[in-house]
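With the hints as a guide, bring both chains together as one complex.
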Amino acid sequence: MDSFPSGAPESRRLADSTAGTLSVSSAEAKQLLTALHTLSHYVLFHNLASPEQILAVFPDTFHSSLKNLITKILLEHRPTWTNEALANQVSLPKLVEMDWRVDMKTASDSVSRMAVPTCLVHMKVQDFSCSGGNDSLSSVTMELSKETLDTMLDGLGRIRDQLSTVAGK
Amino acid sequence: MEKNIYTSSIRHHLAAIWNSATQHVQFVSLIEILYQFLLEPKETDRFLTQLNEFAGENGMSAGPLRSLMKSVLLLPHGALKKNLTAEQVKEDLLNLGVNEDKAAHFSNQWKVHYAVLSRVAVGQTLMVNQLVDMEWKFGVTVGTSEIQKTGNIFLQLKLIIKKGNSTENVYMELTLPQFYNFLHEMERAKSAMDCFS
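Taken in sequence, the protein lines are chains A and B. For what it's worth, this note's numbering labels the leading residue of the first sequence as -13, then goes sequentially. For what it's worth, this note's numbering labels the leading residue of the second sequence as 536, then goes sequentially.
With the rest of the complex left out, here is chain B (with noise of 0.2 Å):
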């Protein structure tokens, strides 16, 4: 792990205020804080009312441990982005000065969470134009102006796609023989999409 990220003051503030400050119980629900954000990264709000809570209740001011949280975040992002294991989140933790407990509490966390947390950092990975989407419906053309009696089959399809912060829609209309074309196509896609998990 890059040492350099961890600048003196945030050594300053995992040493001090993990190691003197909190017992054991409080670390646990600091802790259990900081996962619930992790797990689901968009409660920005709830993770911020719960530090509240949490310095009302400890006889904190809320400030410094919001800002100490968000310094501490950097430390699982990082561990994320490297793919590291338990272990080495521990390595990394009392290299930084958590005494032996809080680190391996920390790091049995991670162990228990990882797969959803990078499940969640996967799912954070750009997409293009991603299919968010699809609705469709079918019927017979019973008549047009142009010949008053026919029996033709369409399929209708709307495609929701996300551009960027809003949806656009795509609608189009398939023959069948297009749609068997398509269905064809489309089993094709998954069968070598299967082939790499």
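Isolated chain A, as found in the complex (with noise of 0.2 Å):
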């Protein structure tokens, strides 16, 4: 399952450990690879759920038992896999974390004595397709006055009516 990961074929590390497991010469251990990593990226794209479909994919001539073992195994990881590739498609940075806090205003240079309520909001995001495994994490926080805060509720609340509509089809 080494060979998932969308640099795996070109691995020398990951070549030499399964040449070394299976002895076999590196470069069969590289084509195995290659192979293993086209077979679970096929599964994945055409979302092959089901023991039959991946069977259908081998050829009729493939060991019966091994066939039957890739498959169980392919099947295992297939879930976990399309999570993985969800979470790291290409999107806008995602939300990480997010808190807020509410302050009262009591005083100013323009005004001596009052008493606002005022809303701090924080929100971490990371932008996951910056290459190299540089994920950045930028982190901003933002201050609402009561109003701004009623109407994004109100901006909120058409979003989840809107959801439900959707969903409710």
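Each hint should be verified, as a subset may be incorrect.
With a straight-line Cα cutoff of 25 Å, these simulated DMTMM-like cross-link-like pairs (lysine to aspartate or glutamate) come out [unchecked claim]: (1) A:K80 x A:D140; (2) B:K672 x A:E133; (3) A:K110 x B:E708; (4) B:K616 x A:D147; (5) B:K697 x A:D147; (6) A:K132 x B:E722; (7) B:K637 x B:E567; (8) A:K132 x A:D147; (9) B:K698 x A:E83; (10) B:K693 x A:D113; (11) B:K646 x A:D95.
Calculated directly from the structure, the hints in this document are not laboratory data.
And the structure:
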């Protein structure tokens, strides 16, 4: 299952360890890894969820119990791989964390006595599309007045209503 | 009110010009110009134009009138800062030498406009990274390079934040559970704010 990640066929380390474990040459190990990699991605792409669908991919002359074993392993790992693929797909930076606090403004340079509530929201977003595994995690803090928060909740409520309409269909 | 902000020249201005030269009608329109500016402090050009017109109509020179009004503005600003009532404002005006009618008119206007004036003052209070606008869209991911057919719902938010004089756009994507959590947290924040008002 190490063959799944996208860089796997090129990885010398993996090829060498495979060659060692299976007692084959490293060229054959590389071939094996590439084949497994292609197969697992094919299963994922076409969403082959049942054993019959996966078995149908193998040629007729393929060794039968090996075929069953590989199918079993692929089926087992498919959900994990699906989630991983969806999480790593092309997208805008993803929200990672969010917290808030409500403060009470009691004085300022323009008014020496007041009681104005205000809300501070902090969000951490992570951009997965940066190459080299160097995800950029950025954070933003913003201040919302009562009116702004009310308006925002209006908007969020509308989203929720539309979502439940879509889900209900 | 701190008397020391009122130098003798301002007292001279207020007493001399307000009491003697201006008729009540002129005084009323001058005060109206003043309050219009207080209620909309960003309209500086309009304020100056109105003062120039007033000076022209009443045979005064515009320059001294402008500098007079600039010092007169110190009075309402100080009063707002200290949350003074109309009675206190009137008392201060009388102490500065303004006559009874004019002081009464000014403080009446103060009472009328006080709610809006304090809201304007609060509005000028510092806000850090103020959220100005929020845009959103949600949709369904139909397929990706890894998975040919999928039906994954996503929500994209664009938050427009005021940073100093310019705005910054923050883009992000939320999954459905994240969205519901966000909505829930914002509702909690709102009820926390509502406790206080």
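**OP:** If any of the earlier hints don't hold here, list their numbers in rising order.
**Re:** 4, 5
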